[in-house]
Amino acid sequence: MADSQNAEAARYLALIPVEARGWKADGADQVFDRETIFEYIDGAGEVYRAFNMNILVSRRFKKAGQADVIVDLFDMGSSADAFGVFAHDLDGEKRSLGQECLYKAGLLQFWRGRFFASIFAESENPETEAVLADLGRTISAATGPDGPRPDLVDLIPEEFRGGQIRYFHDPQILNYHFYIASENVLGLGPEAAGVLATVGVKAEKRSYLLVRYKSETAAETARSGFVRGYLPETRTVETAGERTEGLLRLKDGRFAAAGRSGVFILVVFGAPTPAEAQTARDRSLAALARGGGAARTESVFGNGR
Amino acid sequence: MALKKFTRRDFLKVAAIAPVATAVGCCCTTPKAAPAVIPSGGTAKITSLARKSRVVLVRDAQAVGEGRKINTEVVRKMLDDAVTTLLGEKDPVAAWKQLVGPADIVGIKTNVWNYLPTGPELEQAIRSRIQDAGVPADKISVKDRDVLKDPIFQAATVLINVRPARVHYWSGMGGCIKNYIMFVPNPPAYHGDACADLAKIWSLPPVKDRTRLNILSMLTPQYHNIGPRGFSEQYLWPYGGLIVGRDVVAVDATGYSVIQAKRLQVFGEDKPLETSAHHIQLAETRHQLGKSNPDDIELVKLGWEDGRLI
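Sequences listed follow chains L and R, in order. Counted the way the numbering used here counts, the first sequence spans residues 1 to 305. Counted the way the numbering used here counts, the second sequence spans residues 1 to 310.
Source of the hints: derived by calculation from the structure; they are not laboratory data. Hints are not guaranteed to be accurate.
In silico DSS-like links for lysine-lysine, alpha-carbon gap of 27 angstroms or less [stated by the list, open to error]: (1) L:K62 to L:K104; (2) R:K52 to R:K149; (3) R:K271 to L:K205; (4) L:K63 to R:K69; (5) L:K62 to R:K52; (6) R:K90 to R:K52; (7) R:K271 to L:K104; (8) R:K90 to L:K94; (9) L:K63 to L:K24; (10) L:K202 to R:K90; (11) L:K251 to R:K271.
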């Protein structure tokens, strides 16, 4: 590890207390970067790499007669990516720590600024829950100030903002939450960023997908890749005897509508009628165009299918 | 028999809404006519392997005690029962002699993940039987992360594959197929699409055609993940089982069905894994490594029936 990374690691370790409620730091602290993360948490390290992790510092705590507690503090490089890794797992009870915080089954996770913190008790009981909260409060205070969520979140239409919002660069992260295809048909990667917003459950579930690319060329390449690769067995919807561009009937009988605006691609999934799918799509395209997403706007399925 | 055609999307849909029996890679759940113990016939080989892949699930209520303590003698007996049944022998040494011999060099590929390792009890039981079958002690190695540097593994003529079953944040399930990822110098290269192509590793020189037995420890499997760390004590349970077979895909498919059944029991719904374990089915359909379709697996169940789930 480079000297600069070692210095960073030292600074981050200083943000973690050495004692809380009788739990004391035990053993050597550990430091990992995006290459060595697999030595620590196996294949799941890919999640953090997918969000551009910079460095992870880890400290173990012990207390006689109690389960060990482990603090993992990630520098994700940006508040957008810290938000992204936090939003990858939204299961749990909300707690008032950091900018957003969740607790479940002995695991406390929060993000603040460029940092993502995971505080884990190897066995759960009221004492470990209390020490997790204490450690969380101390670390949250030390890792300020707050940082902005990804700007793409602000482009999500109103009707999708009440549900779960995910942020991603990597196709596998998107597939984890909303399966698109085994191939990277949307051309996702480090130079693209997307949000997925989901509202409703089961038959009422609807999703909104927005991806921003580095250039219109990249967006257009992704558009054609998506056309070819997503649900090739679906059919475009015909209304009044004519094929309607950018409108798909999904296998569950509902509808999706897709479009491109400049460097953006957007897709609305799960509308109950073609009209609702189109309305949601068109409204979003218009908002993107007004918001500087570039003047040229067209349906993803420009040639019909 | 034609392979079941199963798209990736079908896999997810079935796993989400269908009974466990129809999830990809699930073992047989309908009662089989096969007896609990296969009668042996001296050195007669099991011919059914030519059509179906035989997998033995053995369980014992005494295998796991308080605090996840493993009963060494019970596990030894379970291993013996499974291997003799699998290979149609009465005597465990005779069974192991079908797998290894005095001229062999044997690598036991274990798993040392600190939260749920294979454990010395099962490792030693395997090593003992290999020695009983005539392999010298200095020709046996038990390793996980250092296999590529280990001289025994480098020279191995036989591999025995053993690890515990657990859900896995990136591959859906950590089973015997995934256990060989340490045989490649760059494991992340196989992480794409939820580790879809793990089976490719099995065609590489360090391991190709060397594996004689796969043992998926179901002593205390993990059925649910919380967060990327991937471990929580509360999501283990003392199933007390071993799944043993020559076909690694069939072994993992059977283990997967047990985990799915447990999730159904606990969550009250067929809750999909956080990440799809489609590498198991793809091991068959894309890589022809073995059989994941329940119609192609002959599952023999031994021992403790209560809580078997499948």
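Hints and how they fare:
1. A threshold of 27 angstroms between alpha carbons decides the hint, and for K62 of chain L with K104 of chain L the separation of about 20 angstroms falls inside it, so the pair holds.
2. Restraint check for K52 of chain R and K149 of chain R: the C-alpha separation of about 36 angstroms exceeds 27 angstroms, so the hint is violated.
3. For the suggested pair K271 of chain R and K205 of chain L, the alpha carbons sit about 17 angstroms apart, so the restraint of at most 27 angstroms is met.
4. For the suggested pair K63 of chain L and K69 of chain R, the alpha carbons sit about 22 angstroms apart, so the restraint of at most 27 angstroms is met.
5. Only pairs whose Cα atoms come within 27 angstroms are accepted, and K62 of chain L paired with K52 of chain R is rejected, the gap being roughly 51 angstroms.
6. At roughly 22 angstroms between alpha-carbon atoms, K90 of chain R and K52 of chain R fall within 27 angstroms of each other, so this suggested pair holds.
7. About 18 angstroms separates the Cα atoms of K271 of chain R and K104 of chain L, which keeps this hinted pair within 27 angstroms; it holds.
8. At most 27 angstroms may separate the alpha-carbon atoms for a hinted pair to count; K90 of chain R and K94 of chain L exceed this at roughly 58 angstroms.
9. At roughly 6 angstroms between alpha-carbon atoms, K63 of chain L and K24 of chain L fall within 27 angstroms of each other, so this suggested pair holds.
10. For the proposed pair K202 of chain L and K90 of chain R, the alpha carbon gap of about 53 angstroms is over 27 angstroms, so the pair is violated.
11. A hinted pair counts as satisfied when its Cα atoms are at most 27 angstroms apart, and K251 of chain L with K271 of chain R qualifies at roughly 21 angstroms.
Hints 2, 5, 8 and 10 from the earlier list are contradicted by this structure; the remaining hints agree with it.
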